[in-house]
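Protein chains in written order, with my numbering: chain A, 1 to 284; chain B, 1 to 284.
Hints in this document: simulated from the structure, not taken from any laboratory. Any given hint could turn out to be false.
Same chains, same names: a pair is fine if it fits in one copy or spans any two.
In silico SDA-like pairs for lysine to any residue, Cα to Cα no more than 20 Å straight-line [said to hold, decoys possible]:
hint, residue 1, residue 2
1, K283, M30
2, K22, M98
3, K22, R11
4, K76, E66
5, K6, N165
6, K6, L168
7, K6, P167
8, K22, P167
9, K149, D180
10, K283, V172
11, K283, G86
12, K149, R204
13, K283, E97
14, K76, E102
All values reported here derive from a predicted model rather than from experimental measurement.
2 protein chains.
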Amino acid sequence: MQVTGKIDEIRQWTAQARAEGKHIGLVPTMGALHAGHVALIEAARRRCEFVVVSLFVNPTQFGPGEDFDNYPRPFKQDIAICERHGAAVVFAPSPSEMYPRENLTWVSVSGITEHLCGRSRPNHFRGVTTVCTKLFNIVGPDVAFFGQKDAQQAAVIRRMVADLNMPLEIVVCPTVRQGDGLAVSSRNQYLSERQREDATVIYRALQEGRQMIESGATDARQVRARIEAVMGRVPAMQIEYVSLVDPETLEDVERITGAVLIAVAARLGPARLIDNIMVDSGKT
Amino acid sequence: MQVTGKIDEIRQWTAQARAEGKHIGLVPTMGALHAGHVALIEAARRRCEFVVVSLFVNPTQFGPGEDFDNYPRPFKQDIAICERHGAAVVFAPSPSEMYPRENLTWVSVSGITEHLCGRSRPNHFRGVTTVCTKLFNIVGPDVAFFGQKDAQQAAVIRRMVADLNMPLEIVVCPTVRQGDGLAVSSRNQYLSERQREDATVIYRALQEGRQMIESGATDARQVRARIEAVMGRVPAMQIEYVSLVDPETLEDVERITGAVLIAVAARLGPARLIDNIMVDSGKT
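This is chain A alone, in the form it adopts within the complex:
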């Protein structure tokens, strides 16, 4: 496995792989790799002969007061994980390699970025879409892999790729969970043992929502109230949102029909946690 922080070098390597007829898969990450990322790397290896993992804590997607400085950067450990799971190349650029001058050009998606996390993180998705555009242009992947845990990010990226005719396919892989249901996340390591225990209420609450819908509930407000009540049993949990939305437009639904995405965000001590599940109501 090769590792570089240089754009010129990664371009040479992917051009070479392309010339050899290999398909190129990209797994864009901020590092601090966990079982969720490993599932993405493995999905990429099943689809593509040449897998690139990028490790880049992208400053432009963090807002003021967010955890950019504290975001974990266990570089050596990340490299070992990429190697163990068969990545061909790790691309780990510095901020100045990615942003060598004042960045004047932004890729932004309106509408679907304004719901859910977009409400509390106003420039977050603009940073994500811009850095993903840069990574796609640098690496030139045939397929890029994202996790369903970041459901809004996945919907936004899909829409960007469609609107701008980007020549690649987006694959979204299922959320990886621990035995007790907690979605794995780099930010889980901010949690104390007690908070880690408390955090499991999020998935239990989502499951109660699922059961209500599968038992016939069609009023989104009632389902939301139940989920909030379950999460509210943990006093330290500060709910940011519990939303039932259309999986594509991410607009709130009132009456539940077809597939619905239940998405939640909450603060627990130092961590902001998000999770979601897709539920098919079976109703038209």
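Fit chain B to the known structure of chain A by using the hints.
For chain B alone, coordinates are given in the frame of chain A:
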């Protein structure tokens, strides 16, 4: 020469050319081709074995009340010109092929889009950068060719390509002028015979500006005043701006040093005309 309006088809053709080791040159146009476009096609042929000319009057770069509906669309004539000058392919999509759903994703460049034409055409450059991104993603050119007559457009595209690491080179070709100095433009055909005659004052005024600077003038305000005075001899000419700007940032300069771009925009009857020249003051 082949002609298509379909994205899938142009992608197949350029993929084939790429597989044959050909370099792909793109000349993005809105059609109504003239000698300026011909110079771009010829420059593309000197650099690239496979030249694509796109013909697309892009609705998203026109503002309300602008000339989108009236913009000339002499399709057969354009095809003949492309054929005569050795284009391999013409890509002429419909608006619904390029924008099949509500467009939510925009590429925008701040700063350099806000000067000159950006003041009177607030969303124009966002439309240009978005459609160019789409065309680049569809065609996959090694080199794209633009004219210096649209100096601000060229500067904006260059900056976008650099900021987003787009994997292509931008070549800017000199402005093509008629014998009397008027820059060729698709919009010149809006002019009556008398207006066509009056329009030549623009280039004469720019040349007076050049002479002042080459004779040692360093006060941009004085040069601007002279250019405005020369253009003012044509009563029908409504000056929108006369600006002396840094060629890269497009910010106004007060004291002239190094290279300076003199850019003008004016209305003459039904036409909005723009022109510019680059002057090297020889001063540091």
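Now the hints, each set against the structure:
With identical chains, the CA atoms of K283 and M30 are never at most 20 Å apart, being 38 Å at best within one copy and 47 Å at best between copies. Taking the shortest alpha-carbon separations for K22 and M98, neither the intra-copy value of 26 Å nor the inter-copy value of 30 Å comes in at or below 20 Å. For the homomeric pair K22 and R11, the shortest alpha-carbon distances inside one copy (14 Å) and between copies (19 Å) are both at most 20 Å. When the C-alpha separation of K76 and E66 is checked against a cutoff of 20 Å, the pair qualifies neither within a copy, at 24 Å, nor between copies, at 57 Å.
In this assembly of identical chains, the alpha carbons of K6 and N165 lie at most 20 Å apart only when taken from different copies (13 Å versus 26 Å within one copy). In this homomeric assembly, K6 and L168 come within 20 Å of each other (Cα to Cα) only across copies, at 18 Å, whereas the closest approach inside a single copy is 22 Å. For the identical chains of this complex, K6 and P167 are inter-copy neighbours only, at 15 Å across copies versus 23 Å inside a copy, given an alpha-carbon limit of 20 Å. In this homomeric assembly, K22 and P167 come within 20 Å of each other (Cα to Cα) both inside a single copy, at 16 Å, and across copies, at 19 Å.
In this homomeric assembly, K149 and D180 come within 20 Å of each other (Cα to Cα) only inside a single copy, at 16 Å, whereas the closest approach across copies is 64 Å. For the homomeric pair K283 and V172, neither the shortest alpha-carbon distance inside one copy (25 Å) nor that between copies (57 Å) is at most 20 Å. Taking the shortest alpha-carbon separations for K283 and G86, neither the intra-copy value of 43 Å nor the inter-copy value of 58 Å comes in at or below 20 Å. In this assembly of identical chains, the alpha carbons of K149 and R204 lie at most 20 Å apart only when taken from the same copy (16 Å versus 63 Å across copies).
In this homomeric assembly, K283 and E97 never come within 20 Å of each other (Cα to Cα): the closest approach is 50 Å inside a single copy and 33 Å across copies. For a Cα distance limit of 20 Å, the shortest separation of K76 from E102 qualifies neither inside one copy, at 30 Å, nor across copies, at 44 Å.
Consistency note: the structure conflicts with the earlier hints numbered 1, 2, 4, 10, 11, 13, 14.
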